[in-house]
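Undergrad: Using the sequences and the hints given, assemble the complete structure.
In the order they appear, the protein sequences are chains A and B. So that you can map any letter, position 221 of the first sequence is 221 in my numbering, and since no number is skipped, the others follow by simple counting. So that you can map any letter, position 220 of the second sequence is 220 in my numbering, and since no number is skipped, the others follow by simple counting.
A couple of the hints might just be wrong.
As the list makes no split between identical chains, a pair holds if one copy fits it or if it spans any two.
Here are the simulated SDA-like cross-link-like pairs (lysine to any residue), alpha carbons at most 20 Å apart as the crow flies [claimed, not checked]:
#1 Lys298 to Pro244
#2 Lys298 to Pro149
#3 Lys298 to Phe242
#4 Lys97 to Val136
#5 Lys298 to Asp287
#6 Lys298 to Pro241
#7 Lys97 to Gly41
#8 Lys97 to Gly74
#9 Lys97 to Ala133
#10 Lys97 to Pro126
#11 Lys298 to Arg278
#12 Lys298 to Arg39
#13 Lys97 to Gln172
Calculated from the structure, these hints are not laboratory results.
There are 2 protein chains.
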Amino acid sequence: MAEAGHIRITEVGPRDGLQNESVVVGIADKVAFIDHLSRSGVAEIEVSSFVSPEWVPQLADAEAVFAGIARTPGVVYSALVPNERGLDRALAAGVDKVAHFTAASEAFCQRNTNASIDETFERLAPVVAGARAAGVPVRGYISCVVMCPYEGPIDPATVRVVAARLLDAGVQEIDLGETIGVAVPADIQRLYDGLAGLLDPVDTTLHLHDTRGTALACAAAAMDLGVRSFDASCGGIGGCPFAPGAAGNLATGDLAYFCDRMGHATGVDLDALFDAARHISAVLGRDLPGRVFRADGKIPTTPARR
Amino acid sequence: MAEAGHIRITEVGPRDGLQNESVVVGIADKVAFIDHLSRSGVAEIEVSSFVSPEWVPQLADAEAVFAGIARTPGVVYSALVPNERGLDRALAAGVDKVAHFTAASEAFCQRNTNASIDETFERLAPVVAGARAAGVPVRGYISCVVMCPYEGPIDPATVRVVAARLLDAGVQEIDLGETIGVAVPADIQRLYDGLAGLLDPVDTTLHLHDTRGTALACAAAAMDLGVRSFDASCGGIGGCPFAPGAAGNLATGDLAYFCDRMGHATGVDLDALFDAARHISAVLGRDLPGRVFRADGKIPTTPARR
Chain A
1 MAEAGHIRIT EVGPRDGLQN ESVVVGIADK VAFIDHLSRS GVAEIEVSSF
51 VSPEWVPQLA DAEAVFAGIA RTPGVVYSAL VPNERGLDRA LAAGVDKVAH
101 FTAASEAFCQ RNTNASIDET FERLAPVVAG ARAAGVPVRG YISCVVMCPY
151 EGPIDPATVR VVAARLLDAG VQEIDLGETI GVAVPADIQR LYDGLAGLLD
201 PVDTTLHLHD TRGTALACAA AAMDLGVRSF DASCGGIGGC PFAPGAAGNL
251 ATGDLAYFCD RMGHATGVDL DALFDAARHI SAVLGRDLPG RVFRADGKIP
301 TTPARR
Chain B
1 MAEAGHIRIT EVGPRDGLQN ESVVVGIADK VAFIDHLSRS GVAEIEVSSF
51 VSPEWVPQLA DAEAVFAGIA RTPGVVYSAL VPNERGLDRA LAAGVDKVAH
101 FTAASEAFCQ RNTNASIDET FERLAPVVAG ARAAGVPVRG YISCVVMCPY
151 EGPIDPATVR VVAARLLDAG VQEIDLGETI GVAVPADIQR LYDGLAGLLD
201 PVDTTLHLHD TRGTALACAA AAMDLGVRSF DASCGGIGGC PFAPGAAGNL
251 ATGDLAYFCD RMGHATGVDL DALFDAARHI SAVLGRDLPG RVFRADGKIP
301 TTPARR
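TA: Structure follows, in structure tokens:
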């Protein structure tokens, strides 16, 4: 079992979560959501995406959101950028880190980014150069590290090739995205076996979806292998675009609860996180799938208890 | 990681699940539910409970349900019996196995069974004797093996004492109930460490609740320790009486999916299981929490695909 230690949580609800919600959330509600999250103790918040507004209308207000949030010292505020134009906007908004998408599946890459894998690397080069000049680190996402909804199972050797290209391109962090939420611990083992000698588990971030209830089992397996950085989404917002009504990202509360009881420090205060989840649940007008939030967070505790 | 092998699944939805639903389900709908489950490939179905009808009105029709179901050869049809009177009714109904409750928490035992732990053993003795005379095995449930909602954390040494008493009493199977759904893999490790030398993991059944999303992570840890028998509830029906709106039992589909992808055979056909989940979801008039059912089971596949 993994030794106790610190687990770093990146909150992706405002970007990956809201991008997959049908309700379009206004600027003030997004700002309030992120300000709640800033008080929850997460290490990083993926605030928005500087993609074309026509491409992702839910996140067309990225500049206004960045301008509106109250930044907590020590929290990293990041954003997705698809290309150099997006980087320029992100830098002007004062991001602390940028993230760029590629995939281990050609079909998924084409549908998700409107580019081939090769083209995502062509777009990445000026992003890395510009970010480096600005002193901003780059996270490289690899989607579909276990399964693609169009191509089926992904060979870990393919993930390794894409990871090697990201390292060559100069990204500071590689985020392995189990986009579809099908993985079990055996898949996580095979994934990291495939990266052996190239990339240590401790140098990766793992992005899990809880579509089939397996996310925490996969996180536990990853922690056993040495992974110490995970993405999660407040309340599990986001859903799964390939399975309407299904759960989406691993819920931040579920991950933080799990880490806490396993003896891993995350810095997350569950009561503060529940404030964020109650806010966004009310804005979205629906129950959220996060299990710990449903069990322990839907009724606010009194200030005295906190 | 656990070696591939066979995992035995006991479906507890008709008893533990329906007992915790507010909707009272009619006899015909229960029979149809169980008949669907019989076709799903689960090894055992806990059909009902022969407790006093005043105590659990949802299950007051145990005799009629047993009389109505179509039994599939090879499937074990079991029922809960609190005492000798319940055993007589269960034997008359033709049960294949009976189950009896005790707990590792005195406060929970009192509230759940209206008896002290000592008194549950007094009631158990004639149940074991009568079951043995009838050639029917007895499962002994221990509730609250990790946490009690009234007493808090439970010492694994306490579970060991209760397990030893159950073995002395002559039960054929011990079922460890993580009743509250708080456990993480470290708890499962401590639980089985506490049983070392008394009871091998392979000789236990583990009963998990997914209240906080940790059930499959705990199941994975248990499989690594050698556990090969688990309880689960179709679609995750049942809820949690201590957290309204929260998830209940580990969903059978989530467990069967997990086992299948981990290379463990369960005999469960997910499509047939989804038929059972769709039926009971319609009867209960609500969405079910089971993650795999939500992702893959809500829309029937065509017979051709099956």
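Undergrad: Looking back at the numbered hints, which does the structure fail to meet, lowest number first?
TA: The structure breaks none of the hints.
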